[in-house]
Amino acid sequence: MTRAFEPASANSAVAHAGRPRRRRPDWLRHLMADRLGMFGLVLVALVVIGAVFADVLTSYDPIRMSPRDRFAAPGLDHLMGTDNLGRDLFTRVLHGGRIALTVAMAATAASLALGVSLGLVAGYGPRWLDNALILLFDALRSFPTVMLALALVTLIGPSLAAVILVVVLSGAPSYGRIVRTQVISLKRAEFVLAERSMGAGTARILFVHLLPNVIGPILILASMDIPVVITIEAGMSFLGLGVPPPTPSWGNILNDGFSFIRESIWPVIAGGVPIIVATLGFTFLGEALRDTFDPRIRKDM
Amino acid sequence: MASGPILEIDGLSVGYATMRGPMRALRDVSMTVPRGGMVGIVGESGCGKSTLMNAILGLMPANGRIAGGRILFDGRDLVGLDAATMRRLRGDRLSVVFQDPMTALNPVHTIGAQMVDIQYRLTGSRAAKRARAAAMLAKVRMPDPRHHLDQYAHEFSGGMRQRICIAMALMAEPDLLICDEPTTALDATLEVQMLDLLRDLQREIGCAVIFISHHLGLIAELCAQVVVMYAGQVVERGSVRDIFHRPAHPYTRRLLDCDPARIRERAEVLPTIPGDVPDLVELPPGCIFSPRCPVAEGRCHTTVPPDVAVADGHHARCLLARPGEGAA
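Chains as they are written, first to last, in this note's numbering: chain D, 66 to 366; chain X, 3 to 330.
Be a bit skeptical, because a hint or two may be false.
Beta-carbon label-pair distances, calculated as ranges [what the hints assert, rightly or not]:
id	chain 1	residue 1	chain 2	residue 2	range
1	X	Arg301	D	Leu194	45 to 55 angstroms
2	X	Asp202	D	Arg192	56 to 66 angstroms
3	D	Gly281	X	Arg134	45 to 55 angstroms
4	D	Pro209	X	Gly126	12 to 22 angstroms
5	X	Asp84	D	Leu304	50 to 60 angstroms
Simulated pairs of lysine to any residue, SDA-like, Cα-Cα distance not exceeding 25 angstroms [as the list claims (entries may be wrong)]:
id	chain 1	residue 1	chain 2	residue 2
6	D	Lys252	D	Phe358
7	D	Lys252	X	Thr112
8	D	Lys252	X	Ser47
9	D	Lys252	X	Thr186
10	D	Lys252	X	Thr20
11	X	Lys131	D	Leu258
12	X	Lys141	X	Thr112
13	X	Lys131	D	Ala178
14	D	Lys252	D	Ala226
15	D	Lys252	D	Trp193
16	D	Lys252	X	Lys141
17	D	Lys252	X	Arg67
18	D	Lys252	X	Ile207
19	D	Lys252	X	Tyr154
20	D	Lys252	X	Ile68
21	X	Lys141	X	Ile207
22	D	Lys252	D	Val342
23	D	Lys252	D	Ile270
24	D	Lys252	D	Asn196
25	X	Lys131	D	Gln247
Everything labelled a hint here was simulated from the structure, so no lab data went into it. The model shown is predicted, which means the values in this text are computed figures rather than measured ones. Beta carbons: idealized from backbone N, C-alpha and C, even for Gly.
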């Protein structure tokens, strides 16, 4: 035991204490301790792995019809059964996961980029620009998402791009408002004045100094919006406003199954369960991330 | 190097547009900062010290406007200079140390990241910029600077943070450093350390310093020249010796009386200057200090006093001040 006090180990202990401690272990430990969050992570991992390795995991084609096999119950040949056109539901669910994740990632990234930039400009720019942007944000937010979707699809037709556009238009204003508010409270901070007195220009202040100060809570919020985006995509596809058939999307699978629910309940289950798994998984994971990184943001935000 | 003072402010007037009308925050302010010299600006809160600083830096708020006068920096008038040229001067030839080191550093970047970032005008590798940052931290007597570069602002004490701010302000070896009450937020024991540090660095770099404070003792300790401001005017300026030993303006005298360090007898109630700083939207007609002045005469309330030279380099804005009788 006394050996621990020998000079060599004492030195290394001092050196270790003097180093700034890296944060990684801290947050990781906190995240691991959140059981619901870990459960969410497992669900998300299932969905992601299924979507990424869809071609390896099944040998069926998601859109080739095989009328003889229609309405098969789950079994060894068809893990989740088949739909009204004899397509393997398991394959369609995995490929539907690709659509769901693509929309979730692309739309969230796009609404983040748009919302955060407009929010920075609104918060830091002149008053009239702030007023104009806030008016725009509020106008967009006042539309119910489904109404916005109906209007847009009427204009540009159902497509993957239309789904993404609806999500961006309904999501970006929320990010914009939050970023704007935070920028307004920060732009009078002395460190911003100090930067300006050092000759920093507007772009440098916005992107090097203000953005890192406001982005944390926004990223957490965005991660919690992913399940919402997944349900918007599924909902629009179910209503025929989203990805047009025969492309497999969870909403399409649900819609096809819904029409033939008297023949077989398996297509409805195959379409519904992935939506539940994905939204629950992302919600649990998002909440765990939020609790880990920013305990100040409340659930109701 | 060109001769002449590094900064010469001549008849500067600044106004703010307010709901009640124009607020005349600075009126006919003149002062001179010699090359490599240290000038103290002293005055109560709201006397226009910060407005003066912002006017020099060209960082006026949107409702502020320079109504007249000149700010000659190294012979060039900064008033009306375009924003881009002004921006190039800031952080290169002019820089600032702010009052509160707790908020003057960005909380989300490490010290090293910020110190590397402010060198964006220089070319050179990141490693070279980091080395420069570490060298600058060593100059402000920060022990083990390389390792501190990876820490965040909140991991430092107030005194350490102010050292970091000073290091950042001096990074570009400016010609003029403005210190806006740099020790107000610090403990009294740290103030002395910070003064020594500033004085040593000023000698080493050879920059001129404007030291804004409401602490007369600090200014006497540090500066050669003093500018006394009251309600947007320079009421008296001169050498430290003149101001402290032969104050010509009643306001300066009252200010000296209120300095606890100069009170010799035991006093039940510490001396104060009765009354408040006047409203700068509706100015009193005569001398700005007349409502609070203990020696004001009838004409003081009606006539605006001119800037009188009571001695060589010693000016006071008082009707009762006479050339050669500074000790009145």
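The hints, checked one at a time:
{"no.": "1", "hint": "X/Arg301 - D/Leu194: 45 to 55 angstroms", "in the structure": "52 angstroms, holds"}
{"no.": "2", "hint": "X/Asp202 - D/Arg192: 56 to 66 angstroms", "in the structure": "45 angstroms, violated"}
{"no.": "3", "hint": "D/Gly281 - X/Arg134: 45 to 55 angstroms", "in the structure": "30 angstroms, violated"}
{"no.": "4", "hint": "D/Pro209 - X/Gly126: 12 to 22 angstroms", "in the structure": "55 angstroms, violated"}
{"no.": "5", "hint": "X/Asp84 - D/Leu304: 50 to 60 angstroms", "in the structure": "57 angstroms, holds"}
{"no.": "6", "hint": "D/Lys252 - D/Phe358", "in the structure": "23 angstroms, holds"}
{"no.": "7", "hint": "D/Lys252 - X/Thr112", "in the structure": "19 angstroms, holds"}
{"no.": "8", "hint": "D/Lys252 - X/Ser47", "in the structure": "23 angstroms, holds"}
{"no.": "9", "hint": "D/Lys252 - X/Thr186", "in the structure": "23 angstroms, holds"}
{"no.": "10", "hint": "D/Lys252 - X/Thr20", "in the structure": "21 angstroms, holds"}
{"no.": "11", "hint": "X/Lys131 - D/Leu258", "in the structure": "23 angstroms, holds"}
{"no.": "12", "hint": "X/Lys141 - X/Thr112", "in the structure": "19 angstroms, holds"}
{"no.": "13", "hint": "X/Lys131 - D/Ala178", "in the structure": "31 angstroms, violated"}
{"no.": "14", "hint": "D/Lys252 - D/Ala226", "in the structure": "36 angstroms, violated"}
{"no.": "15", "hint": "D/Lys252 - D/Trp193", "in the structure": "17 angstroms, holds"}
{"no.": "16", "hint": "D/Lys252 - X/Lys141", "in the structure": "31 angstroms, violated"}
{"no.": "17", "hint": "D/Lys252 - X/Arg67", "in the structure": "21 angstroms, holds"}
{"no.": "18", "hint": "D/Lys252 - X/Ile207", "in the structure": "32 angstroms, violated"}
{"no.": "19", "hint": "D/Lys252 - X/Tyr154", "in the structure": "20 angstroms, holds"}
{"no.": "20", "hint": "D/Lys252 - X/Ile68", "in the structure": "23 angstroms, holds"}
{"no.": "21", "hint": "X/Lys141 - X/Ile207", "in the structure": "11 angstroms, holds"}
{"no.": "22", "hint": "D/Lys252 - D/Val342", "in the structure": "42 angstroms, violated"}
{"no.": "23", "hint": "D/Lys252 - D/Ile270", "in the structure": "9 angstroms, holds"}
{"no.": "24", "hint": "D/Lys252 - D/Asn196", "in the structure": "17 angstroms, holds"}
{"no.": "25", "hint": "X/Lys131 - D/Gln247", "in the structure": "31 angstroms, violated"}
When each numbered hint is compared with the structure, violations occur for hints 2, 3, 4, 13, 14, 16, 18, 22, 25.
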